[in-house]
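Chemist: Assemble the complex: chain F is given as a structure, and chain Z must be docked to it using the hints.
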Amino acid sequence: MPVPWEALIPFGLLTAMFGAAGTLANVSMRAQNQGKPPRYSVDNWDAMMMSRDKELTGHKRGQLATPVAPATFASSIKL
Amino acid sequence: MAETLSASTSTPVPHVEEVGLTSAPLKSAAFFIGAYCKEYNEDFVLCKNESRDPAHCLKEGRKVTRCAIDLITKMRENCGKQFDAHWECLERKNHEYYLCRKPERTLNSCMFDKLGLTKTIPGSPPGQTPIHEVTNPIYKAVQK
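Chains as they are written, first to last, in this note's numbering: chain F, 54 to 132; chain Z, 372 to 515.
Okay, chain F solo, but in the shape it has when bound (with noise of 0.2 Å):
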């Protein structure tokens, strides 16, 4: 019994467009987290550290390990 072929087409198009839909989602996640994996289960302590890192780099993905902070982060700590 010969291999009904035309049933790969729809099989081809499913594959495509899930690998296209999951791959759009997982280039849009990292740009917005500067290429790296995006954080979850974020807690208010997550939450607020990563406002200060925004305070400190202007992202709140960007690291920094510099010892001392720049002059202009001691005066924009809101309090």
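Source of the hints: derived by calculation from the structure; they are not laboratory data. We treat Cβ as the ideally placed atom computed from N, Cα and C, and that holds for glycine. None of the hints are false.
Reference listing, derived: stretches of chain F covered by chain Z, where coverage requires no fewer than 3 residues with Cβ under 8 Å from a Cβ of chain Z: (1) 86 to 92; (2) 98 to 106; (3) 109 to 123.
Modeler: Chain Z only, in chain F's frame:
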């Protein structure tokens, strides 16, 4: 707010720089800051227990900040590479210690060799291997 501001300006407290580390490097250095700055941190908390007035503990708070900056400078001089590897791993792995044990162990051994500081988890059950030294933990990364 006005009273605390005037109180802080009436008694001059020496100027201090702010710690410039962001969340991931801070989390990576946290246990060493705890080990290195134990006295200053305990002083600050004891002072806070005395009085919750913000102006009361400014001096102690500045000592805490200065000690943290001091440790971070030493850490970056002595174990810079291991430190960077660990915090970059944390930043990729949602800041979870248990997903970054390999770079953590190299950092821990470097910190012990160079600065004599060990990571101890406060309140962990005595007599058991602490979780960061367990070689085959139950909870680990699903993907290698």
